[in-house]
Structures are given as C-alpha cells and as structure tokens.
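Q: Protein chains in written order, with the working numbering: chain S, 1 to 50; chain C, 1 to 226.
Just so you know, these hints were derived from the structure itself, not from any lab. Wrong hints could be hidden among the right ones.
[Stated by the list, open to error] Using 20 Å as the maximum straight-line C-alpha spacing, the simulated SDA-like pairs for lysine to any residue come out as follows:
| id | chain 1 | residue 1 | chain 2 | residue 2 |
| --- | --- | --- | --- | --- |
| 1 | S | K36 | C | G10 |
| 2 | S | K36 | C | A212 |
| 3 | C | K11 | S | V15 |
| 4 | S | K42 | C | I103 |
| 5 | C | K11 | S | Y29 |
| 6 | C | K11 | S | V22 |
| 7 | S | K36 | C | I12 |
| 8 | S | K36 | C | G206 |
| 9 | C | K11 | S | L24 |
| 10 | S | K42 | C | L218 |
Note that the structure is predicted; figures quoted are calculated from it, not measured.
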Amino acid sequence: MSGLLVDEVTAIFVVMAVTLVVWLGIFAYLWGLDRKVRRLEKEVRRAGNE
Amino acid sequence: MDRVRWTAIGKIALAVWMAVVIILAFLMPAQNLGSLGQAARVIFFHIPSAWVTVVAFMISSVFSILYLVKRRRVDDHRAVNASVLGVVFCILATVTGAIFATITWGSPWNWDPRETTIFFLLLFYAAYFVLRSAVADEERRAVFSGAYNVLGLVVVPFLVFIAPRLSVLAGLHPEPLINVRGELDMDWRALVIFLSSLAGFTGIFGWSYSLANRVSRLQDEILEQD
Numbered sequence: 001m002s003g004l005l006v007d008e009v010t011a012i013f014v015v016m017a018v019t020l021v022v023w024l025g026i027f028a029y030l031w032g033l034d035r036k037v038r039r040l041e042k043e044v045r046r047a048g049n050e
Numbered sequence: 001m002d003r004v005r006w007t008a009i010g011k012i013a014l015a016v017w018m019a020v021v022i023i024l025a026f027l028m029p030a031q032n033l034g035s036l037g038q039a040a041r042v043i044f045f046h047i048p049s050a051w052v053t054v055v056a057f058m059i060s061s062v063f064s065i066l067y068l069v070k071r072r073r074v075d076d077h078r079a080v081n082a083s084v085l086g087v088v089f090c091i092l093a094t095v096t097g098a099i100f101a102t103i104t105w106g107s108p109w110n111w112d113p114r115e116t117t118i119f120f121l122l123l124f125y126a127a128y129f130v131l132r133s134a135v136a137d138e139e140r141r142a143v144f145s146g147a148y149n150v151l152g153l154v155v156v157p158f159l160v161f162i163a164p165r166l167s168v169l170a171g172l173h174p175e176p177l178i179n180v181r182g183e184l185d186m187d188w189r190a191l192v193i194f195l196s197s198l199a200g201f202t203g204i205f206g207w208s209y210s211l212a213n214r215v216s217r218l219q220d221e222i223l224e225q226d
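Starting from the given sequences, assemble the full structure and let the hints guide the process.
A: See the structure below:
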C-alpha cells in the first residue's frame, strides 16, 4: 500500500503538514470563540450594572 | 500585566507547543518507535485523546456528585460540559485508533476488547444525553442525569483500564503503555514527545472546558436579566 503515489518520506511530510493545519484551524476556532465570549461577558456585565 | 494578557500568552504558547509536538511527532525517526514503524506515531495523538476522555468523564462525575449534594445549577453545567468534551475526545480516540487499525491489521474495526470497551463507553454517554433530552424540567433533568453520571466513576475506569487487561480477553491491541510487568516501555525521545503531547491535549481540554463553562454562565446571566 505504501509508495503508491508518493514515497514514504514525502508522505510523512504531507501527513505532518495536514496535522499542523488541522491543529492551527482548531486553535483559530477556539481563539475566535474566546474573543466572542469575552465581548459578550463585557456586554452582559455592563447591562447588569445599569 | 493583567490576567487576560497572561491567559492570552498562555493560549499562544499552547498553539506553539502543540505545533512543535506535531512536527517532532512526525520527524522523529521511526525506528525508535518500536516494531510498528511509522504507524506508531499515532500514539502521540491517540493516547492523549483517550487520556483526556477519562479526565473529562471523571470531572463530569465529580460535578454530578457536587450537584446532587449542593443543588447548584452551575455544577450541573460543569458536569454536562465535561461530558460533552469527554465524548468529543472519545470520538477522537476511537477514530485515531481505527486509522491505526486499518494500517496495522487491515480493517478499522475488529471488536477486540479495547475497541469494544470504547464503544460501550460511547454508548454509556450517549444514554446520558438521551436521558437529558428526555426530561423537560430543568431541575429534574439535572438530578436524573446527575445520578446516572455518578455511575461513570465506576464504569469509566472499568471500561478503560480494567476490562481490556483481563487476561481472559486476548486482543489485537498493542500492549498498553504500562505493560504486564508494570513498566513503561518507550524510547526516551518518544517519551518526551508523548508527555508533551499529553500536556498539550490537557491544555486544549482545559481551555475548551473553561470556554464552555463561561458560555453556560453567560446563558444563565442573560436569562436572569430578562
């Protein structure tokens, strides 16, 4: 099964790159979520103080 | 520097940490990973996922007990959120395991003891969520699902640590990390990357869990303000 399209060395780099992209995507998602939550918390706190 | 700054730095550090772990996990020479070759790299992701699953479910059971004792809504939120994350990481562990199984034994699912027990684990929590969705009243939902979830304290360790090791059930799954002699059998380079991945996954769980709880709290606060 190995070496069907690319050699083993290239394959490992491809998998590594894909994994890296997946992780950075997950991180970006979590970061964006964190930002939204922070903004909402500020708003709710402000509304609570009025 | 205030607390928000520090946690922001921590999160960026986590991003870099996991990126380095991923790079090293794939660049590390495969011969030091034992007889399984390249496929063995999965341990850097598969086992930390399973580990976080157990941690999440244990945290969930603890908060269920806390809820049943103190009856604070926030503890119910913490229990559910931990269960959700537990299921997410359980699915990750199952899928990475299936990928490994396809490479090593030719098929993604073989009903060997480890695969079967993780399947039961998923069923156990699927039932938890079905139970929650079946009860309309918020307090009764929390009480019933809390009581059910306490069982997790026994079920999870049994399914994850005990059942697959019962000698009566021989399996395909490679020897667990702590082998029959009670020792850890791993090349030191692999061990460093593995432990680093474990720490990173725990950090990812911690951040996700804190986010989930903050959202639950926001929901409560907004409902209160109406």
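Q: A separate judgement is required for each hint: does it hold in the structure or not?
A: So, going through the hints one by one against the coordinates:
Annotation: proposed proximity of K36 of chain S to G10 of chain C holds, straight-line Cα distance about 18 Å (limit 20 Å). A threshold of 20 Å between alpha carbons decides the hint, and for K36 of chain S with A212 of chain C the separation of about 12 Å falls inside it, so the pair holds. Pair hint K11 of chain C plus V15 of chain S does not hold up; C-alpha atoms about 24 Å apart against a cutoff of 20 Å. For the proposed pair K42 of chain S and I103 of chain C, the alpha carbon gap of about 49 Å is over 20 Å, so the pair is violated.
Restraint check: the Cα-Cα separation between K11 of chain C and Y29 of chain S comes to about 12 Å, which is no more than 20 Å; the hinted pair holds. With a C-alpha separation of about 17 Å, the suggested pairing of K11 of chain C with V22 of chain S holds against the 20 Å cut-off. For the proposed pair K36 of chain S and I12 of chain C, the alpha carbon gap of about 17 Å is at most 20 Å, so the pair holds. Taken as a hint, the K36 of chain S and G206 of chain C pair is honoured in the structure, with Cα atoms around 18 Å apart against an allowance of 20 Å.
Restraint check for K11 of chain C and L24 of chain S: the C-alpha separation of about 12 Å stays at or below 20 Å, so the hint holds. Proposed proximity of K42 of chain S and L218 of chain C is supported: the alpha carbons are some 10 Å apart, at most 20 Å.
Checked against the numbered hints given earlier, this structure breaks hints 3, 4; the rest are met.
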